[in-house]
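These protein sequence lines are chains A and B, in that order.
Here the numbering used here is used: the first residue of the first sequence is 1, the next is one more, and so on.
Here the numbering used here is used: the first residue of the second sequence is 1, the next is one more, and so on.
Derived by calculation from the structure, the hints in this document are not laboratory data.
Note that the coordinates shown come from a computational prediction; the quantities given were computed from them, not determined experimentally.
C-beta: ideal position from N, C-alpha, C; glycine also.
Among these hints, one or two may not hold up.
Unchecked claim - Simulated crosslink set (DMTMM-like; lysine to aspartate or glutamate; CA at most 20 Å straight-line):
{"no.": "1", "chain 1": "B", "residue 1": "Lys-85", "chain 2": "A", "residue 2": "Glu-662"}
{"no.": "2", "chain 1": "B", "residue 1": "Lys-73", "chain 2": "A", "residue 2": "Asp-623"}
{"no.": "3", "chain 1": "A", "residue 1": "Lys-362", "chain 2": "A", "residue 2": "Asp-322"}
{"no.": "4", "chain 1": "B", "residue 1": "Lys-73", "chain 2": "A", "residue 2": "Asp-282"}
{"no.": "5", "chain 1": "A", "residue 1": "Lys-712", "chain 2": "A", "residue 2": "Glu-609"}
{"no.": "6", "chain 1": "B", "residue 1": "Lys-85", "chain 2": "A", "residue 2": "Asp-659"}
{"no.": "7", "chain 1": "B", "residue 1": "Lys-85", "chain 2": "A", "residue 2": "Asp-616"}
{"no.": "8", "chain 1": "B", "residue 1": "Lys-85", "chain 2": "A", "residue 2": "Glu-661"}
{"no.": "9", "chain 1": "B", "residue 1": "Lys-20", "chain 2": "A", "residue 2": "Asp-659"}
{"no.": "10", "chain 1": "B", "residue 1": "Lys-20", "chain 2": "A", "residue 2": "Glu-661"}
{"no.": "11", "chain 1": "A", "residue 1": "Lys-552", "chain 2": "A", "residue 2": "Asp-513"}
{"no.": "12", "chain 1": "B", "residue 1": "Lys-85", "chain 2": "A", "residue 2": "Glu-654"}
Claimed, not checked - Facing chain A, a subset of chain B residues (Cβ under 7 Å, in silico):
{"no.": "13", "residue": "Ser-58"}
{"no.": "14", "residue": "Gly-62"}
{"no.": "15", "residue": "Met-65"}
{"no.": "16", "residue": "Gln-66"}
{"no.": "17", "residue": "Leu-94"}
{"no.": "18", "residue": "Gly-95"}
{"no.": "19", "residue": "Val-98"}
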Amino acid sequence: MTRISKTALLAGTGFGFGFLILFHVILKAYGKLDFWGLDLIRFVVILLTFSGIAAASWLNEQRGEDNPLRHLGILIAVGFVILVLSGLLSSSSSGSFYLEDGKWIPTTYGSLFISIILAFLAGTAAVLACIRIVFLVFIKRNRKTQRNVIFFVSTLGANLVMAGIVGSPSEDVFFVVSPFSEILFAASVIAIMIIASRMPWIAYLTKQEKLQGLLLSFFGSIFFTLNTIFSMESTNQLAQSLTYLHPALRLFVAISFLLAAVYLTVCFASTLFHLPTAEAFDRKKAELSTMHNLSKLVKNVFNQDELLTTAASLSRQICEADGAWIEIDARVARPGNAETIGQGHAAPRNTTWTAISDSMNKDDMQRVVAALSRVYTMDPSPQNKPLVIQNAARDKRITALQGSKLPVGSITAFPLQTHDKVIGRLYAFKRMNYGFDRDNLNSLSAFADQVAIAVENHWLITALMEGQRLEQELLVARQMQQKLLPATLPSSPVFDMAARSIPAHEVGGDYYDVVRIDDDRIGITVGDVSGKSVSAALYMAETKGIFQSLTKFLSDPRHVLQRMNEALYGTIERNSFVSLLYAVLDTRRGVVEFARAGHCPLLWIHGREWQFLRPDGIGLGLDGGAIFEETLAVETVKLQPGDIIIMYTDGVSEARNSDGEEFGYTRLAEAALDLQRDSAEFLLDGILERIHDFTRSDVIEDDLTLLILIWKGN
Amino acid sequence: MSEFTIDAHEHDQIRVLSLKGYLDAHTAPQLESSFQRELESGRYKLIVNFRDLDYISSAGLGVFMQFIEEVRKHDGDIKLANMSKRVYNVFDLLGFPVLFEIFEDEKEALLSFQNKS
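Chain A extracted, bound-state conformation:
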């Protein structure tokens, strides 16, 4: 509410109050001012003044603050003030009015002022009471609430309009002389009954609040009942004062006080009935809030320790246990998490546990844990069933605990289950025997499911994060592997060379390299390490190291491959091997001399002819030496200008389409024949495009490497 509207309302109320005083002073001074219009003006001024008070009170209230006890407190205060005031005035100034011509006339100006102030305060109190009750009614409203309030306000309005329009009624009777008045009053009473019949907010109070509410509504109902009687009883000072100000005001105050009296009486009775169940209600509310906490906990799943500690502490709260702990079976725990689980030393083997207790030290807790885990390990059948021991001292299942003098009366345990697997257990114990009732067990059972889900989520998320970390590392590995391949290839007017290697996964086992041996000779190699991904990539790096160091002092293909085989056979795993082609190009003579260690044949394109050359030779790392050396053969090719040498890995020749058909040697050769041969780079792109057109797939199944040499001649 803005300051201006507040000021305006206050000014209006003040003006109304002043007008009423003036009006009645004049009325008393001149005896009778007998014309009908004046009475109507008085009625309208009263109506506007109290409407102003109502508006100010309504607007001043903080919306959305649903504290029923606060509303009750204000009601009681208002009722008390009016009761005291009217009580004091009736006793001190009895006979302040005399009846003349069926109208109350104040005996003195003093009693005139006092009675107008009293009436004014009573009216204000009625307005406040009405508004507070409307606030109460709107707490936990339903569809009918608004309708009921409107009904009540309508009957109230109708009563007042009737009283105002019919004009000055007789002063000694309560009702305005009109048959309609009684019907309208009866309607208001019905509306009051309807409003007072629904108080859903009582149930939601805590036990403590219910006791306070009971006290408040007890006194409130008494105050307002008395106030109602005083405002209706014509001999009472309050009734007389109100009627003197205006009979309609008296009607309004009476109805409002009646509303408060009925509402508070019902409130008292209703609270009284709710008291016995207050505790159960409190507990349900606590359970609900615990569940709510858990759902918060589920979001924070990065630390299993924290997760289990909070879960153990919440399970203790749920059933008001003296201690609780959670065991996770390390055998089902995801690898990589196991090292961080648990506090203390895992009592049973293969499990880790997190315990919370006020009444027990760690060692004692451990003994209880050990005794109970034995119950499960001895009897395999109830693994996924809850365990309830109500009398620990007598129960045969936990003999290990008996005689231990541990303060354990009753124990319960619930399996933590995800899908069909028991991943651990939730335990709780109380000092007293028969400590766990059905509600406790039900809540714990539901809670155990929540904990299982939370733990499972934690595992899934850690696995996911681990996966992402590996992915990141593989990406780094890929970048590193790309650096193992030559950044630039030698260029010369006599030949043109291009090469590309595409791994099927992040890293692969394909390898190509080019070294300058001397001014005239260039060493070229293409290889393929068996196996996939990471292991292949590591051997590929090793192969590169061996190749680079050997070609520093060896050039002959036979010698290079023999020495490579020796080096690799000594280090590589028995089930791994490397196939490799090594060629030496003599740029002065235009000759290629090469040897093949189990690798795909070399493709030589000579004019319109093509030929796959495959001298004998077994893969590197398959044999210790003798057989390798015996079989290795060297072949020489004399190049003519325009000749093409193509070296590749089986990712090219064995690229498959959806029918399982392989790209094969012939398609490779034909592609090289068909395509433009001016540039090695263009030819390379062209062949890769042909392979792509053939497989019709963007997914490469195997690492793929292609190296092209176009001989231009001297």
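Knowing the structure of chain A, use the given hints to seat chain B on it.
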């Protein structure tokens, strides 16, 4: 994904493993454990029948290399038989024919074991 099965039977104290389907990096461990079992029970005379094998990758070839040394140390051997042309080409390219005895069919392989002993 790729189907791969191994059927093992014995013939005159010689074990015959018949492979079927795709032998690649994913299915190689299956063959590995089959060999492992044979070696653990002291059977070193082994024949691998490739009749129903559709595809073999370099990882599949590696399995044979992994065990051949130990088998031969115990006077046994792994003999290969009934290869399709396509499978044979893979073996051939890598130079396996100089490392393993490869036979047209299972009978020949059996005979070669029996002649030796």
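Each hint, compared with the structure:
no., hint, result
1, B:Lys-85 x A:Glu-662, "holds, 14 Å"
2, B:Lys-73 x A:Asp-623, "holds, 15 Å"
3, A:Lys-362 x A:Asp-322, "holds, 14 Å"
4, B:Lys-73 x A:Asp-282, "violated, 79 Å"
5, A:Lys-712 x A:Glu-609, "holds, 17 Å"
6, B:Lys-85 x A:Asp-659, "holds, 18 Å"
7, B:Lys-85 x A:Asp-616, "holds, 18 Å"
8, B:Lys-85 x A:Glu-661, "holds, 15 Å"
9, B:Lys-20 x A:Asp-659, "holds, 19 Å"
10, B:Lys-20 x A:Glu-661, "holds, 19 Å"
11, A:Lys-552 x A:Asp-513, "holds, 13 Å"
12, B:Lys-85 x A:Glu-654, "holds, 15 Å"
13, Ser-58, "holds, 4 Å"
14, Gly-62, "holds, 4 Å"
15, Met-65, "holds, 6 Å"
16, Gln-66, "holds, 4 Å"
17, Leu-94, "holds, 4 Å"
18, Gly-95, "holds, 3 Å"
19, Val-98, "holds, 5 Å"
Consistency with the previously given hints fails for number 4 only.
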